[in-house]
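Engineer: Construct the entire structure; sequences and hints are all you get.
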Amino acid sequence: MKQTLLILLTFASMQMNAQKFMTKTGSVEFSATTPVERIEGTNKSVACLLDSKTGALDLIVQVKSFVFEKQLMQEHFNENYMESDKFPKSTFKGSLTNLSAVNFSKDGEYNADVAGKLTIHGVTNDVKTTGKIIVKEGKATLKSVFNARLADYKIDIPGAVKEKISKDAKITVNCTLDVMK
Amino acid sequence: MNKKLKYALIGVLVVTVIGVLIWLKVNKPVNDFSDVSPKAVYSFKDIMDKTTGDTSSTNKLIGELVEVIGTIKTITRDSASTTVELGDTASLSSIICQIDKRHQDDFNTFKEGQEVVIKGKISGFNIDTELGLGNTIQMNYCSLHKNK
Numbered sequence: 001m002k003q004t005l006l007i008l009l010t011f012a013s014m015q016m017n018a019q020k021f022m023t024k025t026g027s028v029e030f031s032a033t034t035p036v037e038r039i040e041g042t043n044k045s046v047a048c049l050l051d052s053k054t055g056a057l058d059l060i061v062q063v064k065s066f067v068f069e070k071q072l073m074q075e076h077f078n079e080n081y082m083e084s085d086k087f088p089k090s091t092f093k094g095s096l097t098n099l100s101a102v103n104f105s106k107d108g109e110y111n112a113d114v115a116g117k118l119t120i121h122g123v124t125n126d127v128k129t130t131g132k133i134i135v136k137e138g139k140a141t142l143k144s145v146f147n148a149r150l151a152d153y154k155i156d157i158p159g160a161v162k163e164k165i166s167k168d169a170k171i172t173v174n175c176t177l178d179v180m181k
Numbered sequence: 182m183n184k185k186l187k188y189a190l191i192g193v194l195v196v197t198v199i200g201v202l203i204w205l206k207v208n209k210p211v212n213d214f215s216d217v218s219p220k221a222v223y224s225f226k227d228i229m230d231k232t233t234g235d236t237s238s239t240n241k242l243i244g245e246l247v248e249v250i251g252t253i254k255t256i257t258r259d260s261a262s263t264t265v266e267l268g269d270t271a272s273l274s275s276i277i278c279q280i281d282k283r284h285q286d287d288f289n290t291f292k293e294g295q296e297v298v299i300k301g302k303i304s305g306f307n308i309d310t311e312l313g314l315g316n317t318i319q320m321n322y323c324s325l326h327k328n329k
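Just so you know, the protein sequences line up as chains A and B, in that order. Reading the first sequence from the start, the letters are residues 1 to 181 in this note's numbering. Reading the second sequence from the start, the letters are residues 182 to 329 in this note's numbering.
Treat the hints as calculated values from the structure; they're not laboratory data. Mixed in with the good hints there might be a few duds.
Where chain A lies over chain B, by a calculated footprint (3+ residues, C-beta under 8 Å) [said to hold, decoys possible]: (1) 204–210; (2) 299–308; (3) 315–325.
As the structure is a computational prediction, the values presented were derived from the model and not from experiment. No residue lacks a Cβ here, since even glycine has one placed at the ideal position from N, Cα and C.
Structural biologist: Put into structure tokens, the structure is as follows:
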């Protein structure tokens with residue numbers, strides 16, 4: 001009897017550890033702030049899918065869903081820099097490279113190593129970054145901060161505003177994922 | 182008044198006015214659409230049905246100010262923002278509404294399962310064929326429908 005219970009519990013634990021987690025209301029913040037000007041945009045409708053069995057991680061960001069405080073900043077971001085009519089989505093397709101270090105069935109904070117392909121402005125580059133995965137009450141929160149060099153994604157900054165816009169965009173990802181039902 | 186001084190004062194005035202106009206243009210906050218009439222009013226089902234068509238007709242909706250009548254599936258609040266997901270529990274397809282900061286207090290008492298009419302600008306679509314997340318419509322600068 002005890003043995004059966006143990007097998008069942010082990011199986012249940014394995015099932016929990018092999019789930020897909022998802023959200024459609026993840027957050028990505030973009031900052032190209034310099035001492036001259038604060039340039040920040042926030043997108044709270046980021047789709048994120050994490051497969052706890054394979055470590056596969058996908059993020060889809062609609063560029064026009066970034067919200068800015070200033071109208072002109074929003075226009076320049078979409079029309080001049082990101083060309084969001086031409087390149088409406090930014091995506092990340094990659095995986096957790098240290099999947100075995102994360103226990104999705106046990107509450108805790110785990111270091112996450114992530115590698116994959118980041119596509120911004122129609123240009124895809126290989127990226128590697130680190131972050132945290134916080135497992136709590138059946139949810140997994142993915143947090144990471146990394147820099148993307150604008151020139152690597154063919155985002156041109158005109159000379160007149162070069163001093164106002166940072167060459168590197170700081171990208172902050174914060175997605176709380178629920179178990180996919 | 183000395184002619185030179187007069188021209189100098191006019192010059193300073195013109196430069197000041199131009200400077201103020203540029204400052205106002207550069208620092209103009211994003212538009213508040215809460216008092217603007219929507220281009221169309223959709224039920225959740227009607228607008229979701231539009232996302233199953235071809236991409237070109239779907240893309241025409243981007244940038245349109247619309248009102249959607251739907252049920253709150255999830256509501257996510259943090260200190261700086263409120264995001265409402267409209268949909269039903271039977272399907273993964275949904276509408277994500279980023280609430281305009283100036284109107285997020287209007288959503289303080291709302292709960293999941295309640296029906297709501299939300300106005301916002303359509304900012305994008307995820308027509309999902311790969312990840313199994315369902316189709317998603319995204320809306321920005323959202324506010325609660327006002328009875329006029």
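Engineer: Check each numbered hint against the structure and report the violated ones by number, ascending.
Structural biologist: Violated hints: none; all satisfied.
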